[in-house]
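Student: Here are the chains, one letter per residue:
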Amino acid sequence: MLAVGLQHYLILSAMLFSLGVLCMATKRNAIGILIGVELVLNSANLNLVAFSKYQTGTGDGHIFAVFVILLAAAEAALAIAIFMNFYNNVRTIDVDRGDELRG
Amino acid sequence: MENHTFEICLALGVVIPLISFTILAFFGANAPFGKPRAAYLALGAIASSCLLATYVLISWYGLSLEQKAQLTQEAFRYHWADFGSISIDVGVKLDSLTIIMYFMVTFIASFIHLFSIGYMAGHSDEVGGECKFHRFFAYLGLFCFSMLGLVISSSLLFLFIFWELVGLCSYLLIGFYFDKKFASDAGMKAFITNRVGDFGFIIGLALVVMYTKTFDLDAAADAFAQQFNAGTGIFAASIDLFGWHVSGLTLATLMGVGLFCGAMGKSAQFPLHVWLPDAMAGPTPVSALIHAATMVAAGVYLVARVFRLLTPDAQFVIAVIGCITLTMTALIAIVQKDIKKILAYSTLSQLGYMVFGLGVGAWTAALFHLMTHAFFKAMLFLGSGQVIEGCHHEKNIMNMGGLRKKMPVTCWTFFIGVLAIAGFGIPGTHIGLGGFFSKDEILAVAYERAFNMHAEAHGESGDSHGDNDNHGDTDDHGSHVRADVGDNVQLASAGSNTTALLAVQSANAMASGEGGGHANGTQAKMDIAATLPQLPKWMFWLPIIIAYVTPFYMMRCWWLTFMGKPRDQHVYDHAHESKLMYIPLVVLAVGTVYCSYWVFRPMISQASEVAANAPAVVAFDGKIHDYSEIPTHAMMTLTHGEGMVNPHTALAYIVGISWLIGMLFAAILYWNGPKLAGRIKDAVPGLAFLHKTLENRLYIDHVYDFILVEGVKTLGRLWGWFDTNVIDNFVDLVAYAAKGIGVTTGRQLDMGVEKGDIGLVDNIANAIAWITYSTGSGLRRPQNGRIRTYVLLTAGAAGIALLFVLIWSMSSDATEVISAASAQ
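Going down the list, the protein sequences come from chains Y and G. Position 85 of the first sequence, counted from 1, bears residue number 85 in the numbering used here, the numbering being contiguous throughout. Position 756 of the second sequence, counted from 1, bears residue number 859 in the numbering used here, the numbering being contiguous throughout.
Keep in mind the hints are simulated off the structure, nothing from the lab. Note that the structure is a prediction, hence the values are computed from the model and not measured. For glycine and all other residues, C-beta sits at the position ideal for the given N, C-alpha and C. Treat the hints with care, since some could be wrong.
[Unchecked claim] Pair ranges (Cβ atoms, derived):
{"id": "1", "chain 1": "G", "residue 1": "L896", "chain 2": "Y", "residue 2": "A14", "range": "19 to 27 Å"}
{"id": "2", "chain 1": "G", "residue 1": "A901", "chain 2": "Y", "residue 2": "D96", "range": "18 to 26 Å"}
{"id": "3", "chain 1": "Y", "residue 1": "G5", "chain 2": "G", "residue 2": "Y893", "range": "53 to 61 Å"}
{"id": "4", "chain 1": "Y", "residue 1": "R97", "chain 2": "G", "residue 2": "E813", "range": "33 to 41 Å"}
{"id": "5", "chain 1": "G", "residue 1": "D282", "chain 2": "Y", "residue 2": "T26", "range": "58 to 66 Å"}
{"id": "6", "chain 1": "Y", "residue 1": "R97", "chain 2": "G", "residue 2": "F302", "range": "15 to 23 Å"}
{"id": "7", "chain 1": "Y", "residue 1": "L6", "chain 2": "G", "residue 2": "I910", "range": "35 to 43 Å"}
{"id": "8", "chain 1": "G", "residue 1": "Y893", "chain 2": "Y", "residue 2": "F67", "range": "20 to 28 Å"}
[Claimed, not checked] Some chain Y residues well away from chain G (every beta-carbon gap over 12 Å; in silico):
{"id": "9", "residue": "G5"}
{"id": "10", "residue": "L12"}
{"id": "11", "residue": "Y54"}
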């Protein structure tokens with residue numbers, strides 16, 4: 001059976017990251033963008049944990065990952081609050097409509 | 104090769120509703136899943152789970168005790184991951200309790216699905232139409248998946264995961280009519296209140312894992328018992344928890360109480376009970392399934408599962424909380440006018456009974472009560488759904504009355520439910536519905552604990568010797584007398600006398616129980632037995648009084664709804680009974696009558712035997728706390744005859760006919776509608792005040808609102824004031840200062856110069872401005888305010904940077920190779 005090594009995790013993480021960025025770049029729905037951000041954060045988490053497991057052998061990466069998860073939760077709460085206000089102002093959460101600050 | 108048929112069946116039964124959920128969630132709105140088909144899919148899924156559960160139940164029932172114990176031991180475990188040195192296993196907990204809970208959930212859920220097809224057809228169109236209909240059944244599927252997963256989890260971690268999932272489903276379904284403010288508010292209230300409890304749960308879970316190094320329920324309990332007997336682990340530990348120094352037994356108690364906090368949230372016990380009445384904002388089938396029969400029982404199930412991790416003090420806390428809940432909510436139920444609210448409060452009260460039962464050690468009785476309650480409460484809620492549906496969303500029982508002629512089936516099935524919850528039965532015989540036996544069993548154990556501690560302590564050794572009921576009881580009684588003599592006559596040496604008694608008993612327990620190898624455990628066991636607190640008397644009397652109140656408020660509800668004369672002619676004229684919803688009501692009524700004693704009681708008492716792999720429930724210290732063999736009064740009078748002096752004989756007549764007295768009283772009081780009761784309320788001083796207090800739910804919601812909601816708002820206002828008055832002023836000050844400096848220096852440098860001068864400063868400023876402007880207008884193009892462009896740019900830039908790094912590292916590698924070659 002094929003042993004799962006560090007690079008498998010890295011590839012998975014890279015895929016997740018790319019998908020996340022793609023999601024952020026293509027979605028017009030604010031929630032969709034938030035989901036993309038979560039994907040990117042989780043790919044980073046995966047990297048942290050994988051490196052911590054295969055390279056350093058300490059639990060540091062795990063702890064970082066937990067912090068990132070915590071941060072992501074806080075970020076989601078904040079982002080959704082922003083969306084609510086955005087919706088109150090523009091009556092939509094299509095982010096392309098929020099371009100008042102354009103140059 | 105071990106045979107894992109049972110595990111496979113159970114696991115399959117868990118997954119099928121998940122599949123139904125997935126299909127409905129993604130494709131439910133599409134054409135092939137029109138309105139009825141979505142429901143048939145969900146119904147088919149849960150019905151097949153129920154069939155699997157029936158198969159397992161029947162096969163399990165045919166096995167001998169030894170075979171069951173062996174199967175429990177060899178149940179399926181899969182090593183999933185390691186968390187440091189702690190292994191995380193996925194497994195199925197296979198014992199009588201799991202199987203009977205599993206069967207109960209699937210059975211009731213199946214019939215509630217059936218009921219929902221009729222009910223939701225009328226309700227989902229109000230908002231959202233078709234879209235809502237399939238969503239409802241998708242949520243139900245998700246709920247069934249999570250609830251069944253919770254039941255079969257062998258590890259605390261997975262139990263917790265499913266625990267959160269059922270919480271989520273509860274939130275989704277309470278807020279099902281999310282476009283109504285009160286429904287979405289109620290959903291949030293439920294979710295947040297549960298979060299408070301789960302906080303305690305996580306602390307408890309962390310303590311368990313920290314000291315027993317395992318997530319497995321059985322392994323954790325075994326490790327805990329060993330640590331107690333050896334005085335190591337958690338009993339030798341001391342830590343600072345939130346600035347509070349705890350150690351040893353207190354820490355162990357805290358662990359138990361922490362786990363119980365989770366149950367407190369989910370089973371809606373006293374400080375966190377506020378969400379359950381509000382949860383009635385959800386559709387009625389949901390109230391029946393989640394907020395009466397299954398999910399709210401998860402808390403009780405959890406306490407039963409971790410029973411061996413509970414110290415006597417933790418058990419005492421649980422008993423106190425249960426006692427407070429059952430009393431308070433039963434009193435509130437008397438004055439409610441909304442038919443669903445009455446049922447909600449009676450659910451709370453019955454949950455209080457279960458928790459109280461577990462707290463006093465009546466493990467078997469409490470779970471027996473859980474099962475019987477699930478059946479009759481599901482039926483009562485479905486009946487109320489039928490009434491509400493039939494009366495066009497009229498929920499106030501004051502506007503009903505006389506409905507028996509319009510909906511006879513609902514009326515009489517509801518009456519069976521009322522009888523069951525009231526505890527209908529005839530003392531001294533085997534005739535009676537489930538509630539009669541289960542409630543009485545809890546009270547009998549409470550009696551033992553409140554009045555009869557020493558006898559109970561010795562009775563255990565009798566029980567652990569053999570299963571002979573008669574023998575155990577005689578022993579029990581004899582030792583009671585002996586202990587009394589020891590206490591009364593020789594007060595000075597009473598302590599040593601008791602100690603000797605306990606030493607004998609713990610030696611017996613050790614010899615017969617699982618802990619054969621702990622030779623040095625005797626001392627510790629004696630200590631714990633001595634600290635097992637005797638219950639205060641009020642904790643026995645309050646449940647007794649409430650046993651009279653329960654039939655009263657249930658009868659009031661039934662009488663005002665179905666009997667008497669119609670009070671609102673309009674409601675009465677339009678009332679009708681939906682034929683689609685007959686079947687579930689009738690089936691559950693039959694289930695209530697049949698399954699109450701003959702099926703569940705033996706199953707559960709076997710669960711208590713097999714669960715701990717010993718002849719009885721083994722408590723946290725490895726000592727046997729078997730209250731399950733204390734016979735109920737019905738059995739007592741049969742086995743002992745008339746002449747015996749026995750506490751249970753008296754109890755039989757105190758509690759046994761409470762259902763008759765309570766129901767008769769309610770029937771007389773509400774014979775002609777609520778007018779008489781209203782007159783009495785106005786006539787007796789103080790009663791009106793009491794009524795108002797109870798109607799306002801003892802002002803507990805108001806207190807929470809005042810302290811928590813207003814508190815947070817006040818804090819927000821305070822910081823708002825600080826922001827506008829302190830921080831803003833400071834910022835303004837800085838701005839003023841900068842402006843002042845600017846004005847002063849500007850006068851000096853710029854405006855003070857002679858006419859015709861080039862104006863160095865001006866030119867520099869202009870040049871900078873021009874550069875900024877041209878850069879800005881260059882960069883303006885990509886700044887189109889669209890997040891997507893920014894993301895693309897950032898990603899592109901990162902890509903280019905990556906490319907550079909790669910090229911650079913490659914070229915530097917090449918240089919190294921070249922330099923290495925040239926060095927050669």
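Student: Going through the earlier hints one by one, which of them does the structure break, listed in rising order?
Tutor: 3, 5, 6, 7
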